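Q: In the numbering used here, the protein residues as written are 146 to 494.
Worth flagging that the hints you see were computed from the coordinates, not collected in a lab.
Treat the hints with care, as some may be off.
The calculated label-pair distances, taken between Cβ atoms and stated as ranges, are [what the hints assert, rightly or not]: (1) Gly206 / Val317: 20 to 26 Å; (2) Tyr313 / Asn423: 37 to 43 Å; (3) Asp247 / Ile356: 28 to 34 Å.
Note that the structure is predicted; figures quoted are calculated from it, not measured.
Just so it is clear, CB atoms sit at the ideal spot from N, CA and C, and this is done for glycine as well.
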Amino acid sequence: MRLDIGPYAYRMLVTILFAGFSLFLLRIVDVLLLAFAAVLLAVLLRGLADWIGQRLHLSSGWALALAILILVVAIGGSVWLFGREVSAQVDQLTGILPEAWDKVRKRLQDHAWGRGLLRQIQDLDVRTLSEGVVSNVTSVVMTTLGALGNFLLVVAGSVYLAVQPGLYRDGVVALVPRDAELRTREALDGAGYALGQWLKGQVIAMATIGILTTFGLWLLGVPSALAFGLLAGLAEFVPLVGPIASAIPALLVASSSGLGTTLYVLGLYVLVQQIESNVVTPLVARKLISIPPALTLFAIVAMGLAFGALGLLLASPLTVVLFVLVRKLYVQAALGKGEHAGAVDDRAR
């Protein structure tokens, strides 16, 4: 009797190919995250270009070129106006932080619970960590060069994506069965729109946090207020986790001036976050995008544990995209739920 092993061999081949492709994706996960960062920047460029094109009646290419020029000029102008001041304050901060830590440590040593706490965090000695990092010059140089290379890769990729976004979207659509092409195209368009809306809200929140923090710390007389404000604004890109991390250096510096100043700074950071959460976010969320806070929190933790610093940085926009794709491709297409299933407004223009 002849044994037909065709279907079995085919299933084995498909399984092996799928396993190999999954392993390949795991090996290049950093590249995939950089590609997503390029998509994020491309969405920003494309949104700015569309806004310019509509108001100046320019073609897509000229509008994109003008958008890139505006961003370059804005970044360059900011560096020229504030770069020297921020650099001076950062240099001042590197000298203040170890001294502030020494003062805090001496105060903790006066109490039994403080001595126990110091034993638990002795590996976090700011001076020891700083000296260790500075002494390893080769590692610092290689890390800087690697970060610069990744940045240039993201910028170049974002420009290519922004020039012809439809080309890459259609390439993804071509990989799915014909009867799923329309749904996939709608899902990708919805994810792109949602990502653009999230970016708008994030820029507003970051600017608000940075300005309020800088002004508040300046009024309180805290050194390096501009540097702390810039740090707080940038840290807002990672919701929930970033604001807490950005407050620690300011509180450490404020503690060298006494308990009163420390409490005032803590109150300032809490107040700024309350303004952002209860005033700014509700105002912009009417037209922009928001996702459930609990989902954001667990996504940040999961991405950070799985993919490190880059995953932590991109956790929020990745969550937005995955939220919309799951809603479109699974909740609506596979389960047949209504168009309003979910909390994210992802209407494609």
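Q: Each hint: holds or not?
A: Against the structure, the hints come out as follows:
Restraint check, Gly206 to Val317: a C-beta distance of roughly 23 Å satisfies the suggested window 20 to 26 Å. In this structure the supplied range 37 to 43 Å holds for Tyr313 paired with Asn423, their Cβ-Cβ distance being about 39 Å. A beta carbon spacing of about 32 Å between Asp247 and Ile356 agrees with the range 28 to 34 Å that was offered as a hint.
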